Amino acid sequence: MKIAPRKVLLIDSEMLIHLAVSQAYRDKGPYFITAASNKEALTKMDIFSFDLFLLALDLKDVESLELLKTIDERFPEAPVILMTNGATEYCSLLEKIEETRKHGTWQLIEKPFNLDILTVLIERCLHEQERDQISKEQDSEGHEKRCYLRSSHVQTIQLLIDAADSGYKEEKSVRATLTDVSDGGLGLVTKYPLKKSQSIRFAGGSISKSGVVAWTALMDNHICRAGVQFC
Numbered sequence: 001m002k003i004a005p006r007k008v009l010l011i012d013s014e015m016l017i018h019l020a021v022s023q024a025y026r027d028k029g030p031y032f033i034t035a036a037s038n039k040e041a042l043t044k045m046d047i048f049s050f051d052l053f054l055l056a057l058d059l060k061d062v063e064s065l066e067l068l069k070t071i072d073e074r075f076p077e078a079p080v081i082l083m084t085n086g087a088t089e090y091c092s093l094l095e096k097i098e099e100t101r102k103h104g105t106w107q108l109i110e111k112p113f114n115l116d117i118l119t120v121l122i123e124r125c126l127h128e129q130e131r132d133q134i135s136k137e138q139d140s141e142g143h144e145k146r147c148y149l150r151s152s153h154v155q156t157i158q159l160l161i162d163a164a165d166s167g168y169k170e171e172k173s174v175r176a177t178l179t180d181v182s183d184g185g186l187g188l189v190t191k192y193p194l195k196k197s198q199s200i201r202f203a204g205g206s207i208s209k210s211g212v213v214a215w216t217a218l219m220d221n222h223i224c225r226a227g228v229q230f231c
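Numbering-wise, the sequence shown is residues 1 to 231 according to our numbering.
Keep in mind that the hints were calculated from the coordinates and are not lab data. Mixed in with the good hints there might be a few duds.
What the hints assert, rightly or not - Below are the EDC-like pairs computed for lysine to aspartate or glutamate, each with C-alpha atoms no more than 20 Å apart in a straight line:
1) K102 x D72
2) K39 x E73
3) K39 x D12
Said to hold, decoys possible - Listed next, with one range per pair, are the computed distances between beta-carbon atoms:
4) S37 x F230: 21 to 29 Å
5) R201 x E98: 24 to 32 Å
6) A36 x Q107: 56 to 64 Å
These figures come from a predicted structure and were not determined experimentally. Just so you know, even glycine gets a beta-carbon here, dropped at the ideal spot from N, CA and C.
Please model the entire structure based on the sequences and the hints provided.
Below, the structure written as structure tokens:
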């Protein structure tokens with residue numbers, strides 16, 4: 001099963017930055033979409049949903065601040081990494097950012113920067129965003145949410161667990177959060193420690209298929225993330 005990668009919008013007029021970042025993530029997620037102008041960025045934001053933004057911010061360019069404001073309004077929980085010019089006056093920069101960015105988190109990185117530092121910052125922002133998303137969804141009472149413009153549904157699933165050593169099957173009712181759904185399978189998070197090759201089926205909701213756990217990963221706070229392949 002292929003889980004949809006998280007989407008990042010990179011907004012910068014410098015093509016070298018586009019090429020460097022795209023090359024760094026060529027064989028791994030997240031998936032980068034680039035824009036060379038604010039107008040192009042707005043067009044991409046109308047088409048795609050994004051989990052993270054990389055924005056070249058210049059206080060002399062009023063449009064870049066307006067774009068940050070638009071991101072804040074349309075993607076309030078998506079983190080933003082602001083790439084700034086070293087000539088920018090720091091106190092004035094912070095003041096403008098705080099006036100514009102009312103929601104969500106933001107990070108600063110000054111040009112020219114080391115690409116390794118940027119990739120670490122990207123991974124950290126996405127990890128913290130995913131952790132916060134999971135925490136909010138696991139604490140909810142089953143209400144449908146829409147986080148970062150990505151479809152998420154909290155529902156009860158039935159896990160049919162094979163116990164080969166004891167010769168019987170045990171069925172458990174486990175609460176989980178769907179993070180991605182495709183024709184071939186889905187991604188989910190749960191507090192239950194799923195194991196690879198376990199058979200599961202879904203009770204109620206819009207999914208009537210059964211599947212097999214293809215992979216699992218234990219995250220912070222004992223949260224289990226898993227990919228399920230439909231049978």
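Results of checking the hints against the structure:
1. K102 x D72: Since the Cα atoms of K102 and D72 sit roughly 7 Å apart, the hinted pair holds (cutoff 20 Å).
2. K39 x E73: With a Cα-Cα distance of about 17 Å, the restraint between K39 and E73 holds, given a limit of 20 Å.
3. K39 x D12: holds, 11 Å
4. S37 x F230: 21 to 29 Å: Violated, at about 41 Å.
5. R201 x E98: 24 to 32 Å: Since R201 and E98 have Cβ atoms about 49 Å apart, the given range 24 to 32 Å is violated.
6. A36 x Q107: 56 to 64 Å: With Cβ atoms ~22 Å apart, the hint is violated.
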